[in-house]
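Visitor: Chains A and B supply the protein sequences, listed in that same order. If you read the first sequence in my numbering, its first letter stands for residue 197, the second for the next number, and so on. If you read the second sequence in my numbering, its first letter stands for residue 155, the second for the next number, and so on.
It is worth saying that the hints were derived from the structure and are not from the lab. Ideal Cβ positions, reconstructed from N, Cα and C, are used throughout, including at glycine. Be careful, since some hints might not be right.
Here's a subset of chain B near chain A, in silico, CB distances under 7 angstroms, partners left out [said to hold, decoys possible]: (1) H239; (2) G298; (3) P300.
Straight-line alpha carbon distances no greater than 35 angstroms define the calculated DSBU-like cross-link-like pairs of lysine-lysine that follow [what the hints assert, rightly or not]: (4) A/K198 with A/K648; (5) A/K261 with A/K497; (6) A/K284 with B/K249; (7) B/K256 with A/K261; (8) A/K198 with A/K623; (9) A/K232 with A/K384.
Per label pair, the in silico range of CB-to-CB distance [what the hints assert, rightly or not]: (10) A/G585 with B/D197: 24 to 34 angstroms; (11) B/E264 with A/D238: 28 to 38 angstroms; (12) A/G282 with B/E264: 30 to 40 angstroms; (13) A/G272 with B/V233: 46 to 56 angstroms.
Next come the chains, spelled out residue by residue.
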Amino acid sequence: MKRVNAVIVGAGAGGGIAAKELSTAGLSVVLLERGKWYTANDCRKDDLRNQSSIVLGCAFGPEDKGHPRVWVDANGVPQTVVPSDGGKYQNVAACVGGGTLSWGAQAWRFMPQDFKMRSTYGAPPGSSLEDWPISYDDLEPFYEKAEYEIGVSGDYSPDPFHGPRRRPLPMPPLPSTLEFSILEPAAKRLGLHPINIPMSRNSVPYNGRGPCMRCRWCDGYICETDAKNGTQNTVIPVALNTGNCELRTECMVKEILTDDRGRARGVAYFDADGHLQEQLADIVVVSASATESARLLLNSKSRLFPDGLGNRYNLVGRNLQGHQYTGATGYFDFDTYDDVGPGACIAICDYNHGTPGLLGGGMLDNEFIRLPINMIDRLPPGTPLWGPGHKQGMRDWHKRTVGIHGPTQQIPTADARVTLDPTVKDKWGMPVVRTSGNVHPITFEVGEVQAKRAEAWLKEAGAIHTTLSVNRRDVVSGEAHQSGTCRMGDDPKGSVVNRYCQIHDVDNVFVIDSSVHVTNGGFNPALTIMAVAYYASAALVRNWKGTGFRS
Amino acid sequence: MQSKKKSTLLTRRQFVAAGAMGGAAVAIGCTAGNHGNWDFLSDGQARTLAAICDQIIPADGFPSASQAGALTYIDKQLVRHFRRHQDAYRDGLEKAEAMSRKRFGKDLAELTSPEQFEVVSAIEQQYLDFFNLVRAHTLQGYYGSPRHGGNRDAVSWRMLGLDEPPLRGRAQYNLKKGTHS
């Protein structure tokens with residue numbers, strides 16, 4: 197197979213952007229994706245089988261068969277799990293676009309403090325809390341690039357908490373919904389600063405595609421009108437149009453190949469027919485998600501790297517983190533439901549930072565439209581779990597319920613980690629991801645404060661009953677927001693990659709995805725993955741000196 | 155093509171209406187497999203399960219679980235995504251029947267609704283894992299997408315006052331201009 201300049205592993209948020217940036221700069225690129233390329237024609241509006249409600253499996257991959265993982269519980273007992281087991285599996289979609297195909301599309305910037313968590317709060321005992329080696333200011337131009345090239349609608353202007361920005365978002369927010377009109381004045385009465393959620397969704401025609409048609413099938417689904425923006429309908433087509441980028445789907449990378457001098461020479465992968473292939477390249481970019489990128493590095497063992505690539509100091513796979521989601525549900529004596537999608541529309545960032553005695557916090561926002569299937573276990577306390585009372589409860593409350601939740605920023609720990617399972621193998625015979633550990637206990641405390649804040653907002657809006665959703669689960673919460681397993685840093689002994697996402701040990705291997713996040717902010721992380729991908733790709737292109745790449 | 159689609163729907167509606175009017179939940183099971191009317195369940199198991207499902211979602215002004223096809227949903231998935239629950243169903247349904255016969259000397263399906271309620275409550279008490287499984291699957295079949303055999307004719311969505319097919323988005327959307335009307 198023809199040698200290329202760059203082989204990229206994973207066509208998600210990070211890999212899609214790297215493919216576009218490298219191929220438009222003239223590098224020859226092969227983009228390998230383990231999943232398929234779905235389009236709007238694959239929108240099934242199936243509430244039992246999508247990427248959010250996975251009762252009948254994950255619609256956009258991976259399938260249960262052949263993709264086991266192992267989860268180790270708090271007592272150290274390992275259990276084999278499959279993708280449709282949900283949280284314990286730590287799944288992200290396996291498809292072109294990755295999570296950005298079927299996401300809810302909240303496209304938040306992190307705040308300046310989110311990059312300086314250790315110097316803002318100090319590292320609590322038992323944590324591995326650190327600052328990022330780069331700042332909000334370093335990323336600001338690349339956040340903007342992501343917002344304009346992927347396409348984000350919204351308006352940050354009522355929010356005094358985010359860092360400075362040079363340009364407003366390229367599209368205005370969608371018109372408000374009934375929930376917005378109930379929640380906005382309530383937040384203002386509490387002295388809060390509600391804003392329209394920045395969404396990677398067209399509110400007006402943009403980038404050659406039309407606006408959101410406001411149906412109720414959004415988070416977890418492919419957009420029927422292709423108004424939701426991900427890498428699969430923005431940067432990846434641009435990359436392919438350069439003529440420099442070849443996308444190969446249903447290709448599972450086995451390992452990164454290295455030469456005798458300790459540099460990468462390409463990857464070995466199983467193609468769609470299960471045949472082992474080699475793709476040689478000057479540089480390798482790993483963009484396979486926090487769990488799978490760590491697994492690939494750990495599976496890339498050789499004489500010079502007996503414990504896996506980039507793992508000289510036993511750091512690959514550590515600091516796995518996602519978000520601790522907590523909040524509250526409010527029940528009203530008037531209709532709050534107008535069936536106007538996507539549903540999630542209003543958020544506050546008042547509680548991300550700045551509460552004395554509290555280590556961080558997170559954004560709070562209302563939910564995507566709650567389909568009936570998501571309502572069956574969300575009825576007010578005292579409602580029978582079955583029988584005529586449950587059926588009546590569904591009729592009484594489905595249109596009179598508002599949920600407010602948010603991603604509490606996690607305090608990372610080194611014990612929350614991805615390793616290779618010693619016995620369980622996937623369908624290609626490769627050792628699978630094994631996850632263990634939990635979040636830092638402080639994260640639970642912050643999450644519980646956040647839930648009470650959500651409840652106060654709902655009560656102010658007129659809720660007659662409220663319930664808190666808080667939990668101290670025995671599972672590290674990576675899932676769709678998973679990050680942290682190949683931490684970025686200046687110190688080669690304390691991090692896996694440098695500030696440009698380049699593995700300290702091996703200068704022609706890059707990790708460009710959420711794995712490099714030192715901390716994961718109190719926001720949905722995709723736009724930050726994208727901004728870092730633009731930032732790292734710019735550095736890579738800047739240092740590109742032809743086929744003999746040297747940093 | 156349009157008219158063809160429409161006639162299929164009509165046939166289906168008539169079929170469903172016939173099933174619901176007959177009140178014979180079991181008759182709704184469609185594809186003939188190794189077990190008579192069902193892919194996984196025996197006719198006896200189906201009768202027992204229908205009685206449990208209809209206690210979880212009884213008929214009122216709107217159909218019960220089995221009338222809306224929840225059994226079809228569960229049965230289809232027991233040879234597909236719920237394959238790993240086959241033993242739990244076999245075992246749990248047997249225990250439910252044993253309990254019914256011990257208390258009332260009759261099959262669960264032959265009991266009055268208050269008697270069935272008593273047995274199903276006892277199942278919930280004594281075999282919570284099995285009950286929770288059936289409860290979850292019944293509610294999924296009733297409130298989830300009709301494409302999997304439950305929620306016939308989107309009856310639960312219409313019960314909740316949701317447009318079906320969901321017209322809201324499309325109605326507001328001008329497909330020619332790509333804008334909102």
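Visitor: Determine for every hint whether it applies to the structure shown.
Guide: These are the hints, each one checked on the structure:
Hint status for B/H239 relative to chain A: violated, with the closest Cβ pair at about 12 angstroms, above 7 angstroms. For B/G298, the interface hint holds, the least distance from its beta-carbon to any beta-carbon of chain A being 4 angstroms, beneath 7 angstroms. A distance limit of 7 angstroms between C-beta atoms decides the matter here; for B/P300 the minimum to chain A is near 10 angstroms, and the interface restraint is violated. Straight-line distance between C-alpha atoms of A/K198 and A/K648 comes to about 58 angstroms, which puts the hinted pair past the 35 angstroms bound.
The straight-line distance between the Cα atoms of A/K261 and A/K497 is roughly 26 angstroms, inside the 35 angstroms bound, and the hint therefore holds. This hinted pair checks out: A/K284 and B/K249 have alpha carbons roughly 31 angstroms apart, not beyond 35 angstroms. Between B/K256 and A/K261, the direct Cα distance comes to roughly 41 angstroms. Violation of the 35 angstroms bound is thereby established for this hinted pair. For the hint linking A/K198 to A/K623, the alpha-carbon distance of about 27 angstroms falls within 35 angstroms, and the restraint holds.
Distance check on the hinted pair: A/K232 and A/K384 sit about 45 angstroms apart at the alpha-carbon level, beyond 35 angstroms; violated. Roughly 31 angstroms separates the CB atoms of A/G585 and B/D197, a value that falls within the hinted 24 to 34 angstroms. Checking the proposed 28 to 38 angstroms range against B/E264 and A/D238 shows it is violated: the Cβ atoms sit about 46 angstroms from each other. A hinted range of 30 to 40 angstroms holds for the C-beta pair A/G282 and B/E264, which are about 39 angstroms apart.
For A/G272 paired with B/V233, a C-beta distance near 36 angstroms fails the hint of 46 to 56 angstroms.
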